[in-house]
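Chains as they are written, first to last, in this note's numbering: chain D, 17 to 242; chain Z, 17 to 242; chain B, 17 to 242; chain R, 17 to 242.
Keep in mind the hints are simulated off the structure, nothing from the lab.
Check the hints yourself; a few may be wrong.
Note that identical chains are pooled: a pair holds if it fits in a single copy or bridges any two copies.
Claimed, not checked - The calculated EDC-like cross-link candidates involving lysine to aspartate or glutamate, where the alpha carbons are at most 20 Å apart (straight line), are:
#, residue 1, residue 2
1, K234, D78
2, K136, E203
3, K144, D78
4, K187, E135
5, K211, D132
6, K187, D147
7, K133, D219
8, K187, D219
9, K144, D212
Protein chains: 4
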Amino acid sequence: MRLLPRTAIIMILFTATTIMAFTRRPQRVIFFGDSITAQGARPGGYITRMKDALVQKGLANDYELIGAGIGGNKVTDLYLRMDDDVLAQNPDVVFIYIGVNDVWHKAMFGTGTDIDKFEKFYTAIINKLLDRHIRVILCTPAVIGEKTDFTNQQDGDLNAYSQVIRNLAQKFHCGLVDLRETFHTYELRNNPGNKDSSVLTHDRVHLNDNGNQLVADKMLEALLAK
Amino acid sequence: MRLLPRTAIIMILFTATTIMAFTRRPQRVIFFGDSITAQGARPGGYITRMKDALVQKGLANDYELIGAGIGGNKVTDLYLRMDDDVLAQNPDVVFIYIGVNDVWHKAMFGTGTDIDKFEKFYTAIINKLLDRHIRVILCTPAVIGEKTDFTNQQDGDLNAYSQVIRNLAQKFHCGLVDLRETFHTYELRNNPGNKDSSVLTHDRVHLNDNGNQLVADKMLEALLAK
Amino acid sequence: MRLLPRTAIIMILFTATTIMAFTRRPQRVIFFGDSITAQGARPGGYITRMKDALVQKGLANDYELIGAGIGGNKVTDLYLRMDDDVLAQNPDVVFIYIGVNDVWHKAMFGTGTDIDKFEKFYTAIINKLLDRHIRVILCTPAVIGEKTDFTNQQDGDLNAYSQVIRNLAQKFHCGLVDLRETFHTYELRNNPGNKDSSVLTHDRVHLNDNGNQLVADKMLEALLAK
Amino acid sequence: MRLLPRTAIIMILFTATTIMAFTRRPQRVIFFGDSITAQGARPGGYITRMKDALVQKGLANDYELIGAGIGGNKVTDLYLRMDDDVLAQNPDVVFIYIGVNDVWHKAMFGTGTDIDKFEKFYTAIINKLLDRHIRVILCTPAVIGEKTDFTNQQDGDLNAYSQVIRNLAQKFHCGLVDLRETFHTYELRNNPGNKDSSVLTHDRVHLNDNGNQLVADKMLEALLAK
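For reference, chain D alone in the conformation it holds in the complex (with noise of 0.2 Å):
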């Protein structure tokens, strides 16, 4: 078989490689969440802030961001909608934020989840998206109530939901967004007055403009750091 001539070659790989370039697909990322992250795609939300942060650092093509942010939603909503809401879209990237309603609903409803379950559903989740090569990363729920006196009722439990979820981050290598972390910092700076909440908050748990870009800031360097 004779030999393609050199120049051919060159002309050949050019050519696949703008292609290539032109037509390669963004990487698809799901935001899959509670109401926190239903209200994050919205104008000022989480999610629209870090769209306009990839548009300003010249990567509006490299990202396709979506939200599947539910109000209400619990580890157990989560497991029961991902094959509809996250699989059957084919995500490169998963953002994995829930945990505030597992903890709250046993106060509102008396339908919280036991922290065993919250772990067992969470890891099933984790599972589903690691077997298919899906890159996942991990969010502990940040506050039900900003005061840093150690006396918002759920403390205790959020403090415990998010070891859960730290631990789940380590033994699966996915990555972490420690949410609770950060807000506990950015309170104990930003909060000498021990309010309740509108600080990152409106409402001691839905995000303010301050609280939606912490947010954005710490997923956009979580979502660019690989």
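Based on the hints, put chains Z, B and R in the right spot on chain D.
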């Protein structure tokens, strides 16, 4: 092809029938549930009473009854352990008897099961069993408190969750042992003093001798119905 | 001392009686309760409807109706504020309409009222009122959810706490407006579709126009009964 | 009237003083609380240990220690039974040791105490005692779970309710035994393994020998401080 002589045919059929009769695997029946079922496998428990009844009916070799109850279990626990504790045993029949803790843990630990998720996980369990052509018989949760004047705290929820189970039995053409209805009818006749326990339970929830016998009778009736 | 002539005595008595008749203070009636009563004092509310009905009956000057409802109140709240909000106003009649939050807050905040303490604080309120010779009329809590098939989550507790109130009414010879019973009877006739709300409430708990009218009718009947 | 001779006066004074010294009533000290206090009155319990310590200090005749703890009690229970169980005994000193169940029963029965009402009923108890010139010493609730990494479910609430008690002690110039603080300091030093129980409790809440001794030491210190 030459035909076998008549005598040979008769001998072959007789032998085959005999072998089948002696080697026929009994129907494997798993009782999948919570502490009521865990206790049901003990002496005096409803599963033990069903075994005794099968012996008396000369059906001891036709059914193998296996308890798979764990204290505190809710529908999500059953879902998480069904591969190991049920499917791995290749059952022919599965009784699902769950719901008390899904309701009760709302008040006791704040970790009850939302009714919509109760239905979704229950459905997932049924689907996995039916996919393997396993016969499925559903049971409604009987009582938390035996008062007959509708003042047991969880009466409303037990009625609502039982209705979910009745609807699932109809939708998936499963068997149904409506213990909620059975107990209610029994209590109306046998609990004129509006006692909170000691008619069919010893502690408002777990079965006493009368309760175990009543459940055994109803479950056996359902098992042999087909 | 000389006696007054007969004529003078008659004139004096006549004048005094006439003055009393014209200056007779109307009966002061306080409605002591939660958000249902707070809303009852608004236009269209049950207290407002009672005022209208008294006008139509020509009894407008005989009764002064005063709302003393505060949202979220339980029996312990009534107990704590009864000196300021009830006794300080020297009422002739007090309607006590409490219990919904005592039951509901179990699931909503984990701070419902134990049934034994519900009875004790309710008793303490009644005793304080009776000590001052105030006429007391008790009301049972109507509904949390209007379903008629006994599947409202709090039905069991509402029945139990209502029974406590009925027993107290009997024990202390108080009036009773059995709204739990009244609503149940009404729903059986007028809620064939087993709706969760919008028959007598607009949100499962707070009264719509029909609900306010029904409560007004029953309370007026009780008020005028004596 | 003739004056008594000097010698007679001296003799009378001497005799009176002697009688007073020998018949001086010991200070009556009531421990008003929940199951921790009920158990504190048993052998090995913190009240029993305080009695032993008083004997060793030669102060056995100066103080009469009386347990008035009832299992499951919350602040509203103390309020309801204080006339019978405390005031009727004419105490000189009352230790109030309550709060664990006010917090814990939120998750266990749905009948915890709202923090604002905790303060109101606690205040009412203090006022009734101070009106009678009884010395009052407040105790903060120690622990529900002994983990030191802030992951005990009720940590947030225990901190918040303890802060209420500290503020009340300051406001009403009462004594304070800050068991929450004492236990926390002790656990940091003596629970390096982050154990959930068995350092100062045997079941996360009720005191083991170490716990009873620690409470006895701190309470005795407070009692003798004045």
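Hints, verified against the model:
| no. | hint | in the structure |
| --- | --- | --- |
| 1 | K234 with D78 | within (18 Å within a copy, 63 Å between copies) |
| 2 | K136 with E203 | neither (31 Å within a copy, 30 Å between copies) |
| 3 | K144 with D78 | neither (25 Å within a copy, 40 Å between copies) |
| 4 | K187 with E135 | within (12 Å within a copy, 32 Å between copies) |
| 5 | K211 with D132 | between (32 Å within a copy, 17 Å between copies) |
| 6 | K187 with D147 | within (15 Å within a copy, 33 Å between copies) |
| 7 | K133 with D219 | neither (28 Å within a copy, 23 Å between copies) |
| 8 | K187 with D219 | neither (34 Å within a copy, 31 Å between copies) |
| 9 | K144 with D212 | neither (38 Å within a copy, 33 Å between copies) |
The structure fails to meet hints 2, 3, 7, 8 and 9 from the earlier list, while all remaining hints are met.
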